[in-house]
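With UniProt numbering applied, the sequence shown corresponds to residues 1 to 68, in that order.
Incorrect hints may have been included.
[Stated by the list, open to error] DSS-like cross-link-like pairs, simulated, lysine-lysine; straight-line CA separation at most 30 Å: (1) Lys22 x Lys4; (2) Lys2 x Lys49; (3) Lys46 x Lys4; (4) Lys4 x Lys47; (5) Lys47 x Lys2; (6) Lys46 x Lys22; (7) Lys46 x Lys2.
Rather than coming from a laboratory, the hints here were simulated on the basis of the structure.
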Amino acid sequence: MKEKNAGMRIRVERELRDEFLKICREQDRPAAQVIREFMREYIAAKKSKHAGQTENASGRPVAPEGQG
């Protein structure tokens with residue numbers, strides 16, 4: 001059985017949203033589809049780096065032990 005969809009509400013700058021939607025329309029792709037694709041790619045990239053973690057959860061570099 002497929003799980004129910006969950007909503008997400010975010011706040012972004014109006015110019016960022018408008019430019020994003022414009023490009024989505026030009027590519028004839030729904031904005032939600034593009035965001036889901038980005039989320040899946042982001043998760044996959046973070047999971048593959050997890051073993052040799054050099055970043056914290058927000059993507060910022062982590063200093064090696066004893067150097068920060």
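Outcome of the hint check:
no.: 1; hint: Lys22 x Lys4; in the structure: 29 Å, holds
no.: 2; hint: Lys2 x Lys49; in the structure: 29 Å, holds
no.: 3; hint: Lys46 x Lys4; in the structure: 25 Å, holds
no.: 4; hint: Lys4 x Lys47; in the structure: 24 Å, holds
no.: 5; hint: Lys47 x Lys2; in the structure: 23 Å, holds
no.: 6; hint: Lys46 x Lys22; in the structure: 28 Å, holds
no.: 7; hint: Lys46 x Lys2; in the structure: 25 Å, holds
In terms of the numbered hints stated before, the structure departs from none.
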